[in-house]
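Take each chain as given, in its own frame, and dock them per the hints.
Protein sequence lines correspond, in order, to chains B and U. Residue numbers for the first sequence follow the working numbering, so the first one is 1 and each next one is one higher. Residue numbers for the second sequence follow the working numbering, so the first one is 165 and each next one is one higher.
What the hints contain is simulated information worked out from the structure, not anything from laboratory work.
Derived pair list, reagent style BS3-like, types lysine-lysine, alpha-carbon separation capped at 27 Å:
(1) U:Lys328 - B:Lys75
(2) B:Lys75 - U:Lys327
(3) U:Lys329 - B:Lys75
(4) U:Lys616 - B:Lys23
(5) U:Lys1087 - U:Lys973
(6) B:Lys140 - B:Lys105
(7) U:Lys328 - B:Lys122
(8) U:Lys616 - B:Lys13
(9) U:Lys382 - B:Lys75
(10) B:Lys103 - B:Lys122
(11) U:Lys951 - U:Lys922
(12) B:Lys122 - U:Lys327
(13) B:Lys3 - U:Lys1046
(14) U:Lys616 - B:Lys3
(15) U:Lys322 - B:Lys122
(16) U:Lys1040 - B:Lys3
(17) U:Lys951 - U:Lys648
(18) B:Lys23 - U:Lys602
(19) U:Lys247 - U:Lys218
(20) U:Lys571 - B:Lys23
(21) U:Lys322 - B:Lys75
(22) B:Lys25 - U:Lys616
(23) B:Lys25 - U:Lys602
(24) U:Lys247 - U:Lys191
(25) B:Lys103 - U:Lys327
(26) U:Lys922 - U:Lys568
(27) U:Lys653 - U:Lys951
(28) U:Lys322 - B:Lys105
(29) U:Lys191 - U:Lys252
(30) B:Lys103 - U:Lys322
To give an idea of the chain U side of the interface with chain B (calculated C-beta under 8 Å), a few residues:
(31) Phe360
(32) Ser363
(33) Gly365
(34) Gly366
(35) Ile374
(36) Met377
Even glycine gets a Cβ: it sits at the ideal position worked out from N, Cα and C.
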Amino acid sequence: MIKFSEEKLNKVKEVMARYPEGKQKSALIPVLHMAQDEFGGWLDTPVMDYVAELLNILPIEVYEVATFYTMFNMKPVGKHLLEVCRTGPCMVNGCDDIIDHIKQKLGISEGETTPDGLFTLKPAECLGACGYAPMMQLGKTYREHLTKEKVDKLIDELRAQAKN
Amino acid sequence: MSKQYYVESKPAAGGVISGNGMKADAKVAYVDDKPYEVKEGETILSLIRRHFGKGAVPTLCDAPNLEPFGSCRVCSVDVALSKGGPVKTMASCHTPVIPGSFIYPESDRVQKLRKNIIELVLTDHPLDCLTCEVNNNCELQEVAARVGIRDVRYPEGKTHLDKKKDLSHAYMTSDFSKCINCFRCVRACDEVQGQFVLSMGGRGFDSHIIKGMEVNFKDSDCVSCGACAQACPTSAISDIFESKSIQVDEKVRTVCTYCGVGCNLEVAVKGGKIKSIQAPYEAETNQGHTCLKGRFAFAFYNHKDRLRTPLIKKNGEFVEATWEEAYDHIATKLTEIKNKYGGDAIAGISSSRGTNEENYLMQKFIRAVMGTNNIDCCARVCHSPTAIGMQRSFGTGAATNSIKDIKLTDCILVIGANPTDGHPVTGAKLKQFAISGKTSIVIDPRRTELAKYATYHLQLRPGTNMAIMNMMLYYIISEGLEDKNFIEKRTEGYEEFKQEILGQNIDELEAICGVDKNLVREAAIAYAKAPNAMEFHGLGVTEHSQGTHTIMMISSLAMITGNVGRPGVGVNPLRGQNNVQGSADMGCQPYQGAGYFEVSDPVYHKKYEEFYNAKLPNYNGLKIPQMYEAALNDKLKAMWVIGEDMAQTDPNTHHVVNALSKLELFVVQELFMTETAKLATVILPASSFLEKSGTFTNGERRIQRVNAVVAPIEGTKSDGQVMVDIMNRMGYKQPELYDPEWVLEEISQIVPFFEGVKWDELGGDGKQWPVNKEGKGTDILHTETFKRGKGKFIHNNYKKSKELVENEKQYPYIITTNRELEHYNCGAMTRRTNNVLIVTDDVLMINPVDAAKHQIVDGDMVCVESPRGKVDVKAKITDEVKPGILSSTFHFPEVMMNNITSSVSDSEAMCPEYKVVACNIRKSKGEYKKPKATV
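Only chain U is shown next, with the shape it has when bound in the complex (with noise of 0.2 Å):
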């Protein structure tokens, strides 16, 4: 036996089994003749790997994140049945292990194998590794030096040195001439993210990757996920940001602040700024995955338009000041403002993307500093019916299960959700689960993507959620498929409810939905009989006026089916912003504070007027819709915000901005000059996510760090400072600099749930709340019983939108706002990307119909008028709506979509209602505005 390249763990760390420690019923396989444990179903690498580590064996096909798949025979070892048996040359990537073989990693035979392979390899591939992007961090390369390649003795056949770059993307670049046809690209594009583009085209020699039928990647159907960058072992995919490069001083893991599933993001800085960014395979979120958003839009944070100094609006023009001048004007005028008219003539609107850090100090500065509950935050125009919703039926606002338990459901359901552009990595797991053939059920008006893949997609007009619901009620009850001993153990108010879920007439809320109603049916029997079925849900739920009874709707529904409590069920709901579900944790809220106790129960008034040492109102604050009202009635005249856009954002925009014109002191801390930060008589410019720390809570309730890549940019600061600076600035103390260690030990003191988080202990993953004394996490919530207790059934019937009584005579077509893959929100940070080369304007949605209705075809201007106003947006003819819909995003300030919505809001929660929009559409004669070039 030759020289060994692996090295055997010690028994009590790896594991090891030998001869004598050896359980009886223990299955053991041979390695270079020694008993090993060997695990149910595991491959010979695998045991190999767990024994002797991750080198014990070279590979080159096979990566982290994907299936096995045995192309490149680098990993063969010998295997004999018997001690002194034949023996056999396998893969050991996809050949499970037999117990009782017996195996041999470094036989002489096998050592020449791979050399004799790599040798292959490289008769077509250039040996120019000192000019390579990934020189020192090629796969190729090491296995190369791993086998002990000093020449090769082939002659150099046909080559690929002749294919050409393709730098045609905003972000992905592939040089073909390095490709080593191992495969993990094309298997990353399917397995990871499930969109098709690679594959392997010809054959021979003249195999090669290609991208679409041979084109490149920008005209590919690429959604530049960087998968098979990231899986690519050698430079033949890349990015622009050369991210596999070794030129690197460090690499800094953080979460990102795209949306809310939290992926990790591993950042590479090179003198103090940022090179580029990869996905850890590790991290329990994303495993290796991440969107064009979270690995690429990151050139944002040192773009030039960053706002780099404060600024005060003196006679209508904005000058620049100190940050001494600022706080001293803000803190002059606040006091000014509180002793004239009191602490509830201020308002706060705190951040969904900043951290629980940021936005408990933020708070606290409004409720402890200012003296008034007028506390909201940008959940209250996304998920507030659900946290409202969810509190009433089951005690908790927040998602009951985990991400994760994607892979042990039966059936999804996923209601008024396009995952594929809102939430790509939860999306793409969808996705794959549609593909595999399981019960999938989309309720959607948009043929999204994954819809096309759905077993039942229900295509119902906006507005009509609780048709399709008490529908799916209907059916489940008349079938007789409701859990009946989940329903009488664990819930409450069963019999009432279904007796009114009885009394509907189908036949009407058929033709109300506009869905067949035996579509309907057979997606409500699918859903019942699924052993576990698992419900998410986007904004199409919530941004209703019928958005909290909705979400008791689908509480009920997986209450009646039992579908709560366990793994691989539950209502989900899929949360919009990074720290959505955070900000209402930490009390960001006009009527709950930090941990949700509500401001006017006595017993918790006290507690918080004591934990803060302040006086507080015991009564409700505004919510952002009411804030506005308050302003334009001369209530409310100071107004703080941090990072939120609502000008452009916001519904009905004339109303919003009207409002924000018309108080006193205006602040806005931002990073770019919004459309809301132009209305600020005082600006601070923000520091971003990559340049702070604290913790972010991700759509599962899942707490994890954010840490600082590269420092504040000059001139910035962080929120969290800037509050805490604030409140020292108006005499109430606290500690000079944020640090989000102190805060969250403040924190841990007052929210319950957070009460064993320590920043110290939590890890690359974080904790998903509650997480108890012991710092242990919670991975599903309402095992035994429900927070409230019982799970209370709670019916309503479906109302007509106030907005379609009043306008669908005159304005026939309804609008829904919808959000596009490459860009987040008012597009403030990914419209200073290469984002913009790739999605470059917003665009309404047409069904062909309609568009021969108006003589429009695709790219013309089409003008959209509601009640409130008009605008022009470029059309896409698709039959991704319905007649009569229309759908369009509000990305770009140039359209301002949102002139149009409604301040239609829900009825509980008051999130306003921009999923169903009144409108009549013609073609129009205005030009077309370009976006501003911004990168």
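Next comes chain B alone, as it looks inside the complex (with noise of 0.2 Å):
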């Protein structure tokens, strides 16, 4: 069953109430940054259709939304998600060796997650960190200047993590 927590509703009504009556689906980008994090890291069908329902708007609304931003995840994710910017400035400093690297890595293509549901690797637009390039969101946070010996260390000491 799909139902956010008491609390989790109150925040989305909270959310909801800062746009004028009728206009409720400008809370939409919120609510499906609150779904995504509450049930499993994507947005399945179900999901955005539950999403729907709470926002009173089509279910359709929600897909072109959550299809358009590179920030939904339209497919079950593993533990860690790579999500390796590959805009101009990244671009230009290297990012497709990275990428390609963390591919050889990990045995993925962009987009895959691999079979230990530990890693997937997602190509991302612009993540405001172009002093920084290469880099790459994990989580919460940024890993920047990335290199190809970093991504390695990365990969490895997040491996052993999940062993312990």
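Given below as structure tokens:
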């Protein structure tokens, strides 16, 4: 059963109340973030339908927004989501090499998850940290000035963590 | 300036105002520095097209039935606010004209821009035109040629050529490698049908059309109206019939036969066979829209099950016969019965699916040749209470207004109708109205799709319309919201009516209908206060024991609020069958002849006798339910039925079958071996609407031309031809060949409101009756006075249905019958099309509370038992119905839902009460019977 906790529901109401009556669709993105956090890190169709119901909008209005933004995951993701920026400045600074390296190391393509369910690689558009290019977002933190070595170290650490 | 693609229209034809001839106050804009008149609020595109023709500016995302959108920018033009001033490029399709501005539709930079846009589009579009189904009918191809693309300078980007075709659906197909992201399909789904299945997903190069959340057509909420396929400028969305392919010999415009909306269809024919159907954008009734029945469900017409030879029953078996043998057999038998028992031992049931001309000939045959008024039609079992009720209140039993008035009204009141399923094209218009947020009131026991969007949904118990009507009228009067001026000038009987209404016990009525009286009050006030309020109703009003009474109350509701006689108001029955209006107009009623004259009135009796040159009875004939009684009592010996399957669709099946089985002669004209045809003694194979010509009159009194698309299937004859043949055979001389032109000419002489109707003058959109001598139609009735002079207030109290009074103790549930979008009535036609792949069974809607009580889960077989019998039907658990209420369809003979419906009928019109049946339910032990595969 897909349902927010009472506490989260109040939060949804609070977000909706920020917008004028009849404009509850404006609360869609914050509510989608909450839903993604709450229901397994990605937006399954029933989750989006639930959001549509909460905001009293049509399901398709949720789908079109959710698929537009790269920060919403439309497929199940691994425990660690590697969102590597590939917009201009990062590209100039070699993000393609970083992405290729991750692919090779993890044996997955863009958008795929490792069989152990640990990592998902997801190229992202500008994350607003061009000064630290190339960079990626891992959970709620940025990893900056990436090199192949840094990436290796990071992945090894996360693997080790998982084993313990 | 480079070469101009557009040709300026002549001043006389196009209304171009030259410099000298211009009116002083006319607003003008300049196109290529010449002044042209501007219409209030029009766009630049509309201005240019109005003066220079449709091809003047190329477009991609623009479509005739959609709002301007401005996404493709191909329609861009240069605009300057003063001569020689700074020039800006604007998308002409959604930019209003600024009077006094200077527009350059073909400037060099605009031409370059267009070319560049198309080049970019082509980087992501396969250039495999030669193998594309829309080759030579592709708007992208046309625009590419028009802007002069010779090569694409851009390197191939990330393309969508890997997108797989979606062939999952019974009708709809898609190939998104051909998509150009113009949004036309998305807008068609939103603005035309209001289904919201399609949208744009992803971003940038990855932008692509999504159906639901990336599902296929089959699994989406698509209702297969085909609006997206018709809107698509390429072959990205199409249908299994490739309806945009140019591989056709001709296209014939005709009228759909699946409901009373009267959608115009454009039928493509190739090699004498129907290839596909589209909807003409310019048609007044449907503006490019249809539902899946009209657009796709035509495969029945040459189905292997079509009857192709007359059959005569000998020793209980049907034996093939020639037409000559069949006619001889019928004529001999009819003469014998008439001589032995008199004409009143013979009865006819005409078809509201047939043309006006055929209905007219049928009633003429029964009256003038058989000498009886025993002629009725299927209107008896649907809108006969509407006809009688509105005749008593207003003087005419027809819709007062036109469907186009939905655009002009401020409030809609929809009672006992589910137009989404029953009248899909009008239903979509009503849905758009409700979605727009304007006041909409739905009175229905089911939470229909329209009810979900409505401002007020009064979810009453079945059979309590009269309680709600009394309540609404009570609140309107007690709140002082009557239109006193209208009541005084245009009506009679008001004081008495008012006293009756004010004497109602509202709390008691509230308990009866089960709707909060405050909600009823709010809805009543909203209806009364709306500047223009328009009422629609369907069979949920008429198919009740108080059907006619309810109609008169609805008429009173309109009169008390002054909502009659101008645009955007009125009382508007949503007529069920394509020509149910026409069959009554033509006199297929036992008490009124062609043109609604009482057969018992000496003046009209004489008039008919003279006109038909025959001796006619001067007393009323039998209505359909009375015919069954007469057959059971050995008073009726012969019956002739055109295209109606009473054995499946009339209530209380056993009763009907017993009656029909007793007949000595039972002639059935049919397309298929229906349950009724099986009981016939003679079957005559009929031609379908696609194979014949004539006129249908839709629910807004619009007489439209039906044009034969293909030749009759070999061995079949049109109902009109059969009527002409049998009249000639029995010595009542008619022209040998049935042709709508001469029949219509004859009709225009006897039916006053057809006076000016001429076959050649009907044109594409037909004419709304009354049509005067000069050939002018009428879109709104009762504008100055009512047909009967003054509108009459007639009051009746709510009265509990006999069905419930007698049976509710033992049978505590109420089942009400309804329709599905995908099937039509007995399903004889739609079950022989791919529609049956979409909706495969009749289902029983049941509330979760009741389901739990009986341990029923979704898909279980449920036994529904009434005092008449029982049926097994598959459960669909839904909160669309309230606890205690069930709902089901009767499209499939495997279920035979009418085994349980009752013979109780409307007190005035004898329309059966399909909507209130007392029953009980239990989980069935019976096996699920899968309907026979028919496609």
